Amino acid sequence: MFTYIIRRLLAAVLLLFIVSAATFAIFFLIPRLVGSTPETLATRYVGRAATPETVNLIAHRLGFYDPVWLQYGRWIKGIFVGADYSFGAGVEHCPAPCFGYSFVTHQPVWPELLDRLPVTLSLAIGASILWLTFGLSTGVVSALRRGSVLDRTAMSFSLAGVSLPIFFTGMVALLLFSYKLGWTAPGGTYTPFTEDPGQWFYALLLPWLVLALQFSAQYARLTRAGMLDTMSEDYIRTARAKGLRERDVDIKHGLRAALTPILTIFGLDFGLLLGGAVLTEQVFSLPGLGKYAVDAITTNDLPKVLGVTLMAAFFVVIANLVVDLLYAVVDPRVRVG
Amino acid sequence: MSAGLPFLEVKDLKIHFKTDDGLVRSVDGLSFSLERGRTLGIVGESGSGKSVTSLGIMGLYNKRNAEVSGEIWLDGEDIVSAGEEAVRKLRGDKLSMIFQDPLSAMHPYYTVGKQIMEAYRVHHKASMKVARKHAIDMLGRVGIPQPDRRVDDYPHQFSGGMRQRAMIAMSLINNPQLLIADEPTTALDVTVQAQILDLMHDLQEEFNSALIVITHDLGVVAELADDVLVMYGGKCVEFADATTVFDRPEHPYTWGLLGSMPRMDRPNLDRLVPIPGMPPSMINLPTGCAFHPRCAYEQQTGGLGSTLRPELNRAGGDHLVRCHLPKEERQRIWLQEIKPKLEA
Amino acid sequence: MIRTSKVLVAGTAALALSLSAAACGGKDDSNGSTGTTATKAEFNAALTKVFNPSDKKGGTIKLANAGDWDTLDPGETYYGYSWNFLRLYGRGLLMFKPTPGAEGNTVTPDLAEGVGVPSDGGKTWTYKIRKGIKFEDGTVIKAADVKYAVLRSIDKETFPNGPAYFEGFLNLPAGYKGPYKSKGVNTDSAITTPDDNTIVFHLKSAFGGFDYLAALPQTVPVPAAKDTGAKYKEHVVSSGPYMFDQNNLGKNFTLKRNPNWDQATDSNRKALPDGYEVALNVNADDIDNRLLSGDLDVDVVGTGVQPAALGRVVGDPALKAQTDNPVLARLWYTSINPTVAPLDKIDCRKAIEYAADKTGYQTAYGGPLAGGDIATTILPPMIPGYQKFDLYPAGADGTGDVAKAKEALAACGQPNGFETNMGYRAERPKEKATAESLQQSLARVGIKLTLKPYPQGDYFSQYAGNPPYVKANKLGLVTNGWGADWNDGFGFLSQIVDSRVIRETGGSSNTSVRIPEVDKMLDTAVAETDQAKRDAQWGPIDKRVMEEAVILPGVYAKSLIVRPKRLSNVFISEAYNMYDYLSLGVA
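Protein chains in written order, with the numbering used here: chain B, 1 to 337; chain D, 338 to 681; chain Y, 682 to 1268.
Because the hints were derived from the structure by calculation, they are not lab data.
Treat the numbers as computed from the prediction; the structure is a model and nothing was measured.
Treat the hints with care, since some could be wrong.
[To be verified] In silico DSBU-like links for lysine-lysine, alpha-carbon gap of 30 Å or less:
#, chain 1, residue 1, chain 2, residue 2
1, D, Lys462, B, Lys252
2, Y, Lys885, Y, Lys823
3, B, Lys252, D, Lys426
4, Y, Lys858, Y, Lys809
5, B, Lys252, D, Lys451
6, Y, Lys885, Y, Lys1069
7, Y, Lys1001, B, Lys180
8, B, Lys252, D, Lys400
9, Y, Lys937, Y, Lys912
10, D, Lys431, B, Lys252
11, D, Lys348, D, Lys426
12, Y, Lys1113, Y, Lys1224
13, Y, Lys1087, Y, Lys1001
14, B, Lys180, Y, Lys737
15, Y, Lys864, Y, Lys907
16, Y, Lys1129, Y, Lys1026
17, B, Lys180, Y, Lys721
18, B, Lys252, D, Lys466
19, Y, Lys912, B, Lys77
20, B, Lys77, Y, Lys862
21, Y, Lys804, Y, Lys885
22, B, Lys252, D, Lys470
23, B, Lys180, Y, Lys738
24, Y, Lys823, Y, Lys721
[Unchecked claim] Per the computed footprint, the stretches of chain B lying under chain D, defined by three or more beta-carbons under 8 Å from a beta-carbon of chain D, are:
#, region
25, 73-80
26, 328-334
We put the beta carbon where it would ideally sit given N, CA and C, even for glycine.
Please work from the sequences and hints to get the whole structure.
Here is the structure:
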């Protein structure tokens, strides 16, 4: 087991290298296919009055004249050793792990990533608690009362929840609950938990509900399908034959078995969500990793894009690993030895 | 019937299922009784209604999923008319069931010990420690070596035979007075089958429980059963003690079963003789006698076979047969036609 | 649901207005210069008048930006909204007057005692700085601080995004790279500070409009001891009535009162609110919803509502009454490139001018409300010196004069029309719509356009603004647009009609104007130090360029912005073409 984990972690590290190299390649090499030069790349990071001299200066400063592998190497070195950055009036040392400085704002990327992570984390955790609770219970009830009015209503709701895009439900929710009714916070009012727990909760309430609505729909369907599956298994009959209360049969035997695939899917969903719930953060103007990614991409800011891509890849890889390990914990048949 | 009040008495049990294709009459008027200490073997093909009968006795069919009528008296209580909660309390306690495939019948995620403890604690207020002791004890009694270690193993970690023993341990943990075994050896190797059958026999003697063995395997019946009930099309077609069934069976279906059974004492058997035809549709049973389309002797019933449903008649003593053929005719066919072939 | 929302919004608006009217009592605005005020909420109420005048102090103004602030550093900021807002925490030598109407487009002294005094034919400009103005930490502001501020802005490696006027005009020593890299270099050839309250600028050539440069934020003083280069924007040292309280880059910042600001030294500001809260990177549609519901005061970027809100506003008179529709100092136009045959012949170009459907152009940009007014000149109307003329009347219905176009075609030897390519920026749906509109309207006279989209990031450097590319790919027409850095003729024209800004390596917005006569006219105007005489010269330049038919003016851009519900002293600044942020108070 131990060696298995080590092997997986090493594979994860390799994957992160590949992802970062690919991002570098896309950023630098693809524009070259259409004839980009270091100068044309640099024009994105200068003002509209920039003279060719300025463009040249910035192209040098950002390292565009160096071969791509050298720039990549420099960036990798920064992660392990740190780097020095000149801010004009002086030089700042960016300690390891240094993910470079934004091409646009000249701020160090790593502290920004760390600053935004709690937001995405808060959003993901809160929403997942809601959607697991609501989705699982709805799914169980639907499965047990299959074909009933309750089941059909629940599944229709979930169809709506899955089909309606989040930028729609989010905007409508904001309009209705925040601006018309004033029950929930307006967009862009996030405060960290450490500063003001009350406001933190208030600002995240609507995003949690909207995000959870979408996911709980999926999970209700998943749970329902899983339950229908497990409830027709032989061990359910045995459990009843033992005289167990129906509730225990449903939950301890039925749901417990149905949970395994759901938990693994949840692990993957959560991992992806940590990479940034892009649409939700965009709609509610939450300063998380997702919004960071969007801003970085629209401004062609490579260091930010790299930082956020790697962070997202990291979470996905870790989530995959955890899910695989969890599977062995949850389903004893999978364990080796 | 034998002396003493029967522990289990089934009276005109009917279990029907409403489906989109029609009404499935799985059990259509079954009656029998059983005392503690005795074993009843219920034999039949798939779809004859034997498993449904056993689940019905367990009270696992209720208003929601089936139409159940008739009476099932268990030690003075009628399971059919009793409330769900009352029946639930009986299940796993006074009456218990062993299932065919222990791998699928046990929950894969809980240890065998946990599952046995669960069976115990449903019906007894006991701590985990006490329940665990009972579980280990029971595992030992069913012949599992090192039960204190194996109690923490998962079902998939047992071999087939051991697993069935564990399942048996689970169903016996509360000293049930009625034990129903549904195809207990079908999923096992032949060598293991014998061990399990021996085990069941010993345990039945030890607990003095009534045992119903449901099987399509006459070999099992021969080993364990005191009485045999042959089911076809949801009804009993022949009932007798085991000796009589093997010595002097009087129903053409029973003959067919015997004929299709491989036996060691048949030296020159070229082929097994299957019963021609397919099991009947439980929605559209044949008119008259349910067996008549497959019966070689239907012609000799003078047209009754296809038009009139035969009743269960006494053929002598406790021997009951449901057939239009006259008794003498049946006995003659057995002695002159069937038996010689079986012993050839 | 939409019905009730309109009713609710209208009701809330009416309620809010009646409350604010009661609170503010409808006093005259004490700026005094225009004297016209308004209190009734109606469409364009704040366009030329002060809406909801009041002297009430207190409250916090809430603003939001759909993106990130370009930068808070006065040495590098290059967006109008930022310059507008910057006057709250920074005082440059001069500033634009915070009054409505045309007077808002004139410069007035801020840090300086008076406007610049030219000498040496306009090559030297002297300013006297007021005494006793302090930074937020109490240190007195000296001329050296202004000199330092200007010099540091020249370091384009540290501040690549800012305007480049000073390094263009000042007589700096050769190879000067700014105070960080050229430490200790004597820069007296460019700027001298004879005493603590006098600053003198020495230019390479005469420039009559230097006062406009003195109004740039780059003259906002920066204390050298506290200058942290690219990090200075994390805490800009204030010289204005407000200072930075919290600054979370990329997320939000707040301003609070600067205790060291002295009202006695400042005749332009009243500093009514207690503070400002600015949220960054807020969803743009969310901003519009909050503006309309009154939950937010100002969309600080001030370029107008998103299409979603536009639809709501246009259809609802109650919502429309909450908006203003200023004309921007921005022209959307199409360059007609004489380097591509047969457009080397002036009559072929004139044919395009006549045949173009101007109404279609306007519709492509969003119609008369949100798109703009049909343009017939290069200079938009608010630029001083603007002369109204129309050399190529577009017929009675504004859809173009087909007959005249055909005449022109015959004159240039292409009676049946010709083919050419038209470039536009792919990410801009309005430019695409423009190209399609021109394609249709020019097809009427046989001019066939093949449309070619290009990425906007490299549009000028590699495609439309790259002369060899234009020639090789026969881009006869390219969509274009220009907004001045400040609203005067030089700011507007110099980058788009001066042939000397065109580079063979690409990058200039001027893709088609190469008229030696115009270059000379520009030089003359630029050197004229008398404002009135200077302004009178822009109109003729405009006309001369139009006579060459190398620019097809489309629309003078307009924006539709939502007026803040709970603020006082709301008016459109003609300098920034959005609400003046300096005068706002909380009603």
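Status of the hints after comparison with the structure:
1. D:Lys462 to B:Lys252: holds (19 Å)
2. Y:Lys885 to Y:Lys823: holds (25 Å)
3. B:Lys252 to D:Lys426: holds (18 Å)
4. Y:Lys858 to Y:Lys809: holds (27 Å)
5. B:Lys252 to D:Lys451: holds (12 Å)
6. Y:Lys885 to Y:Lys1069: violated (34 Å)
7. Y:Lys1001 to B:Lys180: Distance ~19 Å between Y:Lys1001 and B:Lys180 Cα, so the pair holds.
8. B:Lys252 to D:Lys400: holds (24 Å)
9. Y:Lys937 to Y:Lys912: holds (21 Å)
10. D:Lys431 to B:Lys252: holds (23 Å)
11. D:Lys348 to D:Lys426: holds (22 Å)
12. Y:Lys1113 to Y:Lys1224: Distance ~28 Å between Y:Lys1113 and Y:Lys1224 Cα, so the pair holds.
13. Y:Lys1087 to Y:Lys1001: violated (43 Å)
14. B:Lys180 to Y:Lys737: holds (29 Å)
15. Y:Lys864 to Y:Lys907: Holds: Y:Lys864 and Y:Lys907 sit about 16 Å apart, inside 30 Å.
16. Y:Lys1129 to Y:Lys1026: Satisfied, since the Cα-Cα distance of roughly 17 Å is no more than 30 Å.
17. B:Lys180 to Y:Lys721: holds (24 Å)
18. B:Lys252 to D:Lys466: holds (20 Å)
19. Y:Lys912 to B:Lys77: holds (24 Å)
20. B:Lys77 to Y:Lys862: holds (27 Å)
21. Y:Lys804 to Y:Lys885: Between Y:Lys804 and Y:Lys885 the Cα gap is close to 7 Å, so the pair holds against 30 Å.
22. B:Lys252 to D:Lys470: holds (22 Å)
23. B:Lys180 to Y:Lys738: The hint holds at about 29 Å.
24. Y:Lys823 to Y:Lys721: At roughly 45 Å apart (the allowed maximum being 30 Å), Y:Lys721 and Y:Lys823 break the hint.
25. 73-80: With 0 residues close enough to chain D, the hint is violated.
26. 328-334: holds (count 4)
Checked against the numbered hints given earlier, this structure breaks hints 6, 13, 24 and 25; the rest are met.
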